[in-house]
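J.: Residue numbers (my numbering), protein chains in the order written: chain A, 1 to 159; chain B, 1001 to 1159; chain C, 2001 to 2159.
I should point out that these hints are in silico values taken from the structure, not numbers from a laboratory. Be aware that a few hints might be false.
Here are the simulated DSS-like pairs of lysine-lysine, each with C-alpha atoms no more than 25 Å apart in a straight line [stated by the list, open to error]: (1) C:K2030 <-> A:K154; (2) B:K1154 <-> A:K30; (3) B:K1059 <-> B:K1030; (4) C:K2046 <-> C:K2059; (5) B:K1059 <-> B:K1046; (6) B:K1030 <-> C:K2154; (7) A:K64 <-> A:K46; (8) A:K46 <-> A:K65; (9) A:K46 <-> A:K59.
Simulated restraints on C-beta separations [what the hints assert, rightly or not]: (10) B:K1030 <-> C:P2130: 28 to 34 Å; (11) A:M106 <-> B:K1065: 34 to 40 Å; (12) A:D13 <-> B:A1039: 27 to 33 Å; (13) B:P1128 <-> C:G2058: 30 to 36 Å; (14) C:K2046 <-> B:P1130: 40 to 46 Å; (15) B:L1036 <-> A:D72: 32 to 38 Å; (16) B:I1113 <-> C:S2143: 26 to 32 Å; (17) B:A1139 <-> A:D72: 20 to 26 Å; (18) A:T44 <-> B:L1136: 31 to 37 Å; (19) A:D72 <-> B:L1159: 30 to 36 Å; (20) B:N1050 <-> A:S62: 48 to 54 Å; (21) B:L1159 <-> A:A139: 23 to 29 Å.
Here the structure is a predicted model, which means the values were calculated and not measured. A virtual CB, placed ideally from N, CA and C, is assigned to each residue, including glycine.
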Amino acid sequence: EGGKMAKSTQLIDNEVFRAYATYTGIVLLKMMLMSLITAYFRITRKAFVNPEDTASFGKGESAKKFLRTDPDVERVRRGHLNDLENIVPFVGIGLLYALSGPELSMALLHFRIFVGARIFHTFAYLIPLPQPGRGLSWAVGYSVTFSMAYRVLKTAWLL
Amino acid sequence: EGGKMAKSTQLIDNEVFRAYATYTGIVLLKMMLMSLITAYFRITRKAFVNPEDTASFGKGESAKKFLRTDPDVERVRRGHLNDLENIVPFVGIGLLYALSGPELSMALLHFRIFVGARIFHTFAYLIPLPQPGRGLSWAVGYSVTFSMAYRVLKTAWLL
Amino acid sequence: EGGKMAKSTQLIDNEVFRAYATYTGIVLLKMMLMSLITAYFRITRKAFVNPEDTASFGKGESAKKFLRTDPDVERVRRGHLNDLENIVPFVGIGLLYALSGPELSMALLHFRIFVGARIFHTFAYLIPLPQPGRGLSWAVGYSVTFSMAYRVLKTAWLL
Chain A
1 EGGKMAKSTQ LIDNEVFRAY ATYTGIVLLK MMLMSLITAY FRITRKAFVN
51 PEDTASFGKG ESAKKFLRTD PDVERVRRGH LNDLENIVPF VGIGLLYALS
101 GPELSMALLH FRIFVGARIF HTFAYLIPLP QPGRGLSWAV GYSVTFSMAY
151 RVLKTAWLL
Chain B
1001 EGGKMAKSTQ LIDNEVFRAY ATYTGIVLLK MMLMSLITAY FRITRKAFVN
1051 PEDTASFGKG ESAKKFLRTD PDVERVRRGH LNDLENIVPF VGIGLLYALS
1101 GPELSMALLH FRIFVGARIF HTFAYLIPLP QPGRGLSWAV GYSVTFSMAY
1151 RVLKTAWLL
Chain C
2001 EGGKMAKSTQ LIDNEVFRAY ATYTGIVLLK MMLMSLITAY FRITRKAFVN
2051 PEDTASFGKG ESAKKFLRTD PDVERVRRGH LNDLENIVPF VGIGLLYALS
2101 GPELSMALLH FRIFVGARIF HTFAYLIPLP QPGRGLSWAV GYSVTFSMAY
2151 RVLKTAWLL
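Produce the complete structure using the sequences and hints provided.
T.: Pasting the structure below:
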């Protein structure tokens, strides 16, 4: 193992890249968790969207009543979509940022604040916490991604 | 061609990375196909969401009746969103996994199962197949991504 | 700075990769802007989806009337989702394409057309422009991504 990689780059040996891999792994797993939470609420609230998903509850009208929206399911789905909208830019811009040669301490600062803010955002959305808790955590993550994008564009700029 | 790349990394010469590029290319094209299927159903079912999209059907009430939801269109859109929720983590974690130096055979196993599961998932959603076909294919793809994330975090861990 | 990166790859020194980083940074920032536009319309149209977001407007029925959908908010959200569906494949396939050793001029052509098409698409969606303006700009971006995917699969193919 590692023999094949030796012929190519060893990005994974770079500390900034390792930090990026760690935090990206964590925040993508957190996003994936939203699918499980949605499934949990769909099953416990008996609120489905596809007719084939309610077949085990019987046929006809008895199953049809479970084809409905539920406020808790919809809340998790909104949190999931918000993750997609914010974590996708982090993963893409974060990769370019990690390859732009930042100081490890500065990179860790960016990654830690972003991932912490998104974890807080999920709790704020699901509990839910009163505003501006969720809004502020969204803005913090947004600002971190913006800060990384600034460095990427400053370092790489070739239009 | 290749001259400029010679100065930098030749990731694309690495077999694991080539496998990653191949399967990621395929699964992203599959996801893009969902847009075409949505467009196909919108046009054949005459079910649109933007008023400007129905202008060719006439003005006023005659066009307004095509501003509606259609079960088939909504089904494809749910499949598309499910793709986004699952393929985004695969692309991000898969890249880090490919750079973590796995055996080629193990990497191919992960990539093949994931892409196979997602193609099956699309058929299961669109036909639709009875459950638990769609649910299981979703769980298989989810587990593969989780397995890659485990290796990434084990290899790269730097918090 | 740069000392740590010297031990690993210097992808960022490669001109094609710098172009990729620049255009990906720009188009991801453009996508992030959709969140701000959504927030702007939610606040000016007073159209919210979470009860906790309307708490500052008072309690009970007086706040409840702001839990509603608004056509302008929904339009921006559709533009945002369309961005996700199209920019995610560009970012993933574009990275692989940039690593596949294309000529700089050819890479710039792809990146410029894609990012130009997506910026036009946003204006076409938000103004809105009459069709087929939005449809054509969508198709242009889609075709560019498809063209890059073709080169990636041709170069990297390992199934």
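J.: None of the hints should be skipped; say for each whether it holds.
T.: Taking the hints in turn, this is what the structure says about them:
The hinted pair formed by K2030 of chain C and K154 of chain A meets the criterion: a straight-line CA distance of about 17 Å does not exceed 25 Å. Between K1154 of chain B and K30 of chain A the alpha-carbon distance is near 17 Å, which keeps this suggested pair within the 25 Å criterion. Among the hinted pairs, K1059 of chain B with K1030 of chain B is inconsistent with the structure: their alpha-carbon atoms are about 36 Å apart, more than 25 Å. Restraint check for K2046 of chain C and K2059 of chain C: satisfied, since their Cα atoms lie roughly 15 Å apart, inside the 25 Å limit.
Distance check on the hinted pair: K1059 of chain B and K1046 of chain B sit about 15 Å apart at the alpha-carbon level, within 25 Å; holds. Of the supplied pair hints, the one linking K1030 of chain B and K2154 of chain C holds, its CA atoms being roughly 17 Å apart against a limit of 25 Å. At most 25 Å may separate the alpha-carbon atoms for a hinted pair to count; K64 of chain A and K46 of chain A meet this at roughly 11 Å. The straight-line distance between the Cα atoms of K46 of chain A and K65 of chain A is roughly 9 Å, inside the 25 Å bound, and the hint therefore holds.
Distance check on the hinted pair: K46 of chain A and K59 of chain A sit about 15 Å apart at the alpha-carbon level, within 25 Å; holds. Between K1030 of chain B and P2130 of chain C, the C-beta spacing of about 32 Å keeps the proposed range 28 to 34 Å intact. A hinted range of 34 to 40 Å is violated for the C-beta pair M106 of chain A and K1065 of chain B, which are about 57 Å apart. The hinted range of 27 to 33 Å is not satisfied by D13 of chain A and A1039 of chain B, whose Cβ atoms lie roughly 45 Å apart.
Checking the proposed 30 to 36 Å range against P1128 of chain B and G2058 of chain C shows it is violated: the Cβ atoms sit about 45 Å from each other. A beta carbon spacing of about 44 Å between K2046 of chain C and P1130 of chain B agrees with the range 40 to 46 Å that was offered as a hint. The hint said 32 to 38 Å for the Cβ distance between L1036 of chain B and D72 of chain A, and at roughly 34 Å that hint holds. Checked against the hint of 26 to 32 Å, the C-beta distance between I1113 of chain B and S2143 of chain C comes to roughly 31 Å, which is consistent with it.
For the pair A1139 of chain B and D72 of chain A, the beta carbons lie near 22 Å from each other, so the given range of 20 to 26 Å is met. Distance hint check: the CB atoms of T44 of chain A and L1136 of chain B are about 20 Å apart, inconsistent with the given range 31 to 37 Å. The hint said 30 to 36 Å for the Cβ distance between D72 of chain A and L1159 of chain B, and at roughly 32 Å that hint holds. The given range of 48 to 54 Å is broken by N1050 of chain B and S62 of chain A, whose C-beta atoms sit roughly 38 Å from each other.
Look at L1159 of chain B against A139 of chain A: about 24 Å separates their beta carbons, and that is inside 23 to 29 Å.
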